[in-house]
Every structure is written in C-alpha cells, then in structure tokens.
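With chain A fixed as given, assemble chain B onto it according to the hints.
There are 2 protein chains.
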Amino acid sequence: MKSYNIAIFGCGIVGSGVARILLEMNKELSQRARHTIQLKRIVELRPKTASGKNNIPLDLFCGGGKDLTAEEAGKYIDEIIHSDDIDLIVETIGGSNDFIYDTAVRICDAGKHLVTANKALLALRGKGIFEAARKNKVSIGFEAAVCAAIPVIKTIKESFTGDSIISVSGILNGTSNYILSMMQNEKLEFKEALKLAQEGGYAEADPTLDINGYDASHKLILLAKLAFGIDITLEQLSPIGVENIKREDIDFAEEINCKIKLVCYAKRENGKIYAAVKPMMVKNDNFLSSVNGATNAVRLINKYSGRHILVGSGAGSLETASSIVADIVFIARYAEKMKYHIEQTNYDFIDAKHFVFPYLIVFKTVDIPGITGLVTTSIGNQHINIDTVSHNRHIKEYAVFSIATTPCTLKQIDDAIAEIKKNRPDVLLGEPKVMPILY
Amino acid sequence: MKSYNIAIFGCGIVGSGVARILLEMNKELSQRARHTIQLKRIVELRPKTASGKNNIPLDLFCGGGKDLTAEEAGKYIDEIIHSDDIDLIVETIGGSNDFIYDTAVRICDAGKHLVTANKALLALRGKGIFEAARKNKVSIGFEAAVCAAIPVIKTIKESFTGDSIISVSGILNGTSNYILSMMQNEKLEFKEALKLAQEGGYAEADPTLDINGYDASHKLILLAKLAFGIDITLEQLSPIGVENIKREDIDFAEEINCKIKLVCYAKRENGKIYAAVKPMMVKNDNFLSSVNGATNAVRLINKYSGRHILVGSGAGSLETASSIVADIVFIARYAEKMKYHIEQTNYDFIDAKHFVFPYLIVFKTVDIPGITGLVTTSIGNQHINIDTVSHNRHIKEYAVFSIATTPCTLKQIDDAIAEIKKNRPDVLLGEPKVMPILY
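Same order as they appear, the protein sequences are chains A and B.
Be aware that the first sequence starts at 1, since it is given in my numbering, and climbs by one per residue.
Be aware that the second sequence starts at 1001, since it is given in my numbering, and climbs by one per residue.
Honestly, the hints are just simulated from the structure, not real lab data.
Source: prediction; values computed, not measured.
Quick reminder that beta carbons are idealized off the backbone N, C-alpha and C, glycines included.
Now the stretches of chain B that chain A is said to cover, found in silico as 3 or more residues with beta-carbon under 8 Å:
1. 1157-1169
2. 1304-1318
3. 1321-1334
If we strip away everything but chain A, and leave its shape as in the complex, we get:
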C-alpha cells in the first residue's frame, strides 16, 4: 500500500487525541484508507504535556520534544507545508486570527489536504480557504467543526444528496444546553448553573463564546452553507445567547409545556433563507426538548425523506479527534474525487424580524391594576392573536407575566411593545423578553 503521511499543527486537547487514535488504530485505519497511514510530524509549543497525556512518542514532535518558541514553531510549520513528504495536515491550533487563516490557505496552496475542527475560522473566514482548496484541487475535511463526531457534515454532503433539505435546526452548543438543563431540572439560577458547568468541565473558564450564542452560530453558518449554499454572516444572524435567561422564564416555559433551549434554526422557503440563533420555547412533544446536558442534536427536514435527527456528544477531545481521523480516512480514500461542489444559490437572507412563529413574551411591569388590559389591547391592535396569558407573579415592587401568541412576526410584536411604551411610558420595567415557540 502507498503511504499517506500526516502532520499535526497544534497538539492540545484535540490534536493529541488525533495523534493517539492515529497511533492506536493504525492498522485498521490503514486498511480503511487503503493507504498506510503514517503520523509523521507534530508541531506543538509544549510537547511534554501532549505526549504525557496521550502517550505520544516525543520523537514525533518537531524539535524532538523540547518546548518551542513561536518563532521556532513557525519555521517548522513552513518546513512541513513545503515538504514533499506530507499529504495531509491537521490544523488543531484553533482561533481565527491572520496567522491561522494564512496557515490554512498556505496548506491548500502547497497542494496539501487540510483537516480541521476550527469552526470559527471556517464560519468567519472560510470563503478564502475554500477558494484556495478549490483552486489547488485539495480537500478540506471539517466534520469535526460541527458537533464533533455527530456525522452531520457527511450526512448533508454525502447522504442527503438524493433529497432537498428544507430546514436545519438543532442544539449545537453543549455548554448552553448543560446550563439550561441544570436551570430546568435542578431549579438553579443562571449563575449557579454556569458555576456547576465550569466545575464539571462543561464550560471553559471564559465561557463567553458558548453562552452568547457565537459558538452555536459558527456551526449554523457552516450547516447553512452546506445545506443551502448561502453565506450567512454573524452580523446577519445577530445571535442571542442564554446569559439573560432567568428562572422565571423557565417557569413560564413549563406553564405552556415547553423547555427553553438555545436553538439554531435555518429554513428555506420560497427562495428565501430564514435563520436565527436564540433561546426558544421548545414544546415537550418536539424531540429537541428532551436533549439534556452537554448532548448536541441536529434536526434536518427534507423534501422527500422527511424528518431526521442526529444525536451525540458535541465536544470532547477524543470525540472531536475521532471525527478528524474519519476525515483523514475519507480523504485518503477518495481525495481526487472529492472536490466538494458547494451549491451556489441566490437565496435572500431574511432577518429574524420577519419570521412567522408563535412567540412567548415575558413582561416585567409595575404591579398596579389595569396592566393586563393595556398590554393585551396593544397586542390585539397589531392583529396578533393571543393564545394564553400566564398567571401573574406579584414580586414585591413589580409583577411578571407572560403571553403566548399564535403565529406572527417579531415586527408585529415590536410594534405592540412600542405602542405600550408610548401610551404608558411608566409601566414596563425593562425590555420584554420575546422567544419563538417551536413545535
């Protein structure tokens, strides 16, 4: 068998998992790839940590196992990119800065295949990298970039090619989902749940990208590109995370048989793409409501084959690594045939304001008589039908209640809220929280 030589750039949590699997499963992987898979070189600033944790021989590391300066690492990266002896490079450095972007483009320009789990890089700056791959006829494997080993990328690219995807939705961020599950099941406040998530290893010390919805958005951007051929920007999505969810929101959700989930949602309708990342009220009948903890789930609805759900662990060292290794096998098998055709479309992106959904609106108001009449009248004036009005919580100086609507647009709701503010500027305490209800 021909040998197929791999280098790894960045041997941290994920990269060292890749090295471990490439070494542990070498025989099976080589049979599956129909090439002798060889892990040739690793570039890592601190080899000893990686080596110790996953039992990786130090002589695989450039520099023989000693710590590298950034400059030394850069030189080794250059050397490998231009080496004739490497077929495929795994990028597991992470981040989306210029250095990483340039490295990815240079890998492609040098005629080497690239496998990466870097969702931020591909979602925010993928265009130039995919273009470099196309131009140089190399493949980019990025299954691991969306929900680790859940096989959603290959499912869209290879399994649903006999169909037409109508919508993609899902729970794509394990940290947020863990926090929401803890708030729901253990009756915790957001801060307590976040603390538990950090202690349990489900949230990083700086959890910003997870709880503000950006990480989930990166994944949705990649899925929407594959499913619909559209490039959505983070600005267009303007994601809302879970950091402002309160216990009372969870209680209101329970009252209408829902769980609050951070839902990623993209749908094709009449030549337009609707997409959003925000907390939604997911009806208990909808499978996504039962996805708890750090688990991820992706739901696809197809024209011919209907509804599909893929569930699994969306993060973790070996989970992500196994997915990277599968991409290596796939590229080694099929490389010259791969050159993914990403369908280019002219779909318009539709702002979340124009989504037609039923919504739940949570109002915090001064606690005086007449408020319910005022609020429901303004909602009715915008031709929004009200489904249910919750029991009103009277909490010392204020009251909290929620209204579930039948399907309408966010614009109608915004107009209703504007009317309430105009008629009685003294009544609303803070901006009402508006969340779609997902059946």
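The following block gives chain B in isolation, referenced to the frame of chain A:
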C-alpha cells in the same frame, strides 16, 4: 460532463419514487454527481400504475408502456445487463428468490454498479453478491436497505472510520413499533393495534415479516456485518417478534418505568459478538423508549466518540427512494475508489442465552397461596438477585405477576423455571415470558 446512465428493475412503490426523484431533481443530482445523470430504461410488468402515480413518461419503460409478461421482462433485463449503455442498475423488485439473487450477481458480473433496498436479499444471500461485486470491481449501494433514508450505512462505513464501534442497537421495524406504541398509548390489545396499523398503512395485509422480527433481523444482520465484520444467520439470531405481547406485559413494563420495544441489539465484548432481536423492557431514561409510532432509531456506541443516535422514518416510497438516489450520486462520484473493504473478523457469535442482562419475567400461574415463595426461591437458588416483584393480578382462574432481576443470564433463568416446573408441575400456566431490561 460525462453521462451516467441508470436503469431501474421493478418500478413499484420504491422504484417509481426513484424514477420520480431522478427526473425531478435531475439538474442538482448531475451537479452533485459530477456526471449527467440519465434515467435510461425501466423494466416493470405494469408500467401504467407506476407511470400514473409518479408522473413518469411511458417511453422510459421497456415495451413503451404496455404490460409485460414475466418472460418479456426477463428478456429486457438480460438486454440491459449486457448493454454497454448502462452504468448502474437499481434493483427494486424485492424478494430473495433465485431469480433476484441471480439478477444481482449478473449485474455485478457485467461490470455494472448495483443499488438496492433489498434487505432480505443482502442479509440472507449477500455473501455471493458482495463477492461478485468485489471480483468485478463494482459497487453495491444499499443505504436504503436499512431504515430507508436514515444514513446509518454511510455513517458506519464513512463517518465512524476513525473509531471502533462497540455496540449497535435500535428500533428497526416501524410496523412493530407502531403497534407497540398504540398498545402503550391507547391501551389496546395486540390485535386491535395491528388492525389500526393496517388501516393506517403502517402494516401490510400480510404483516408476518414485520411482527415476527424477521424484517428487523435482516437489518441487524447487515449492520452487524458492517460494524463488526461478522456474518450472523437468521437461525443464530432466532428472533422473537411482537405478536405475543399482551396488555399485561405493557402494564408490568410501566410498573418498572419501561416501555416495551422490539429492540435489535449487537455488541462486541472480549472478541465475541452478542446479538439479539426481541422485545425488551426499555427504561424511560433510555432514548429508545421515546421513539414512537413508525419512526426508526439506531443507537451506536463507539470507543472514542461515545453514544450516537440517528432517528428518522424507516420506510416509505420517497424516503427509501431518496436514499437509493443518494447512493447513485455517491457511486457516480467515487465509484472506482469505493470497493468497500468489509473488515473480516474472527469474532465468535454468542447465543442470547449467555447475555448478561437484567430481565423481567412474567409468570402466569394458578391462583393459590404460596406461589410467590415457590417462584422466588427457585430464582434465588440460581443465584439470581431479585430487584422487584410486581403487584399480583388475580384474574378469575389464574394470577399474573412479574419479577425484575438484577443482571444474570437467560440460562440461569431457564434453569430456575425448570426447577419450578420440576417441583410443582401444576403451577405454571404456559411458559413464562422473559424480556431483557435495557437501561
């Protein structure tokens, strides 16, 4: 683009769906396959039914649209198999008789790729067909043979290649699951639920293969072959279907927080493969318990990436057809690279008797004092720990109760039952029903 020519043998419910998608999505399919996909010829005994239902031009049918005798159809099949103008043949005739087997082998021998949804054929007689494909360097696409468009075959063959599969389980028969769901949710007896399933199109007029577990077994045999490289026979599996499930079994399941599901289960452990198809008590915490109606679900547990679940519709004309079309696209893209390597292993097949599981045993006995002591003593004599003893139902001339055990083997339970019979041949009314409890 080079053209890629397709013929369809058998244009019934599934075949006509394939023809429809090939025609409706022709432009997208050709882009995705990077070949101009052309549906060239269809062989079907009754073209008008197929044509009318899915709007397929009659001139695509051999014979120009007139009904064919079996002999005429056979001649057209010969002609197409030996035609230079056809690249790939879709077999949607069904069945596993000699004619179908020979046709499949002849397609491969003629150097043509084969795509089929025929699970019985591949599960019972696949060896010769896969061998013919290997010898002639053609591909066999059979994603549609296991749970229609649920992408489980490609997930195992292409997505989990960077991992090692430990177990495959699932609900692989929609008819059985629909019946069990109706018994559970609507409090029906088996016969009433079966009737409803037939009226709703979820069961065929002759539902034998669905309710006796054979259809599910065919699918498990194919999954076990791909996941573990082992050829399991139907005799080895000796499946048990759902036809003997009674309302009282469902009630006992509820008492221990379970749903009864027809579970297909295969597991690798210490170089041995354990496999079974039988009704199991699935704990409400296990996701499979919440899979209702005609939905199918497959659960895979991997060494590195943990637990995965794929859910979707496991049957239906267009669902199955879209999966066949995806295989066509895949083969057109990658054909000469495909030649699947199915790993050959030396795993021993272990009879269900030696599974270690917790079990629920349902006893029907004469209704006299002392029975519980007799039964529980014999169970204890086999070193089986008892977890719970159900409330005893006193029904006119007999009593029914159930015992949940902690993990033990079926052999231990058989021995306990034998002891009860030996000590008191007059007590048991019929064979106790023994079902594994799945956590």
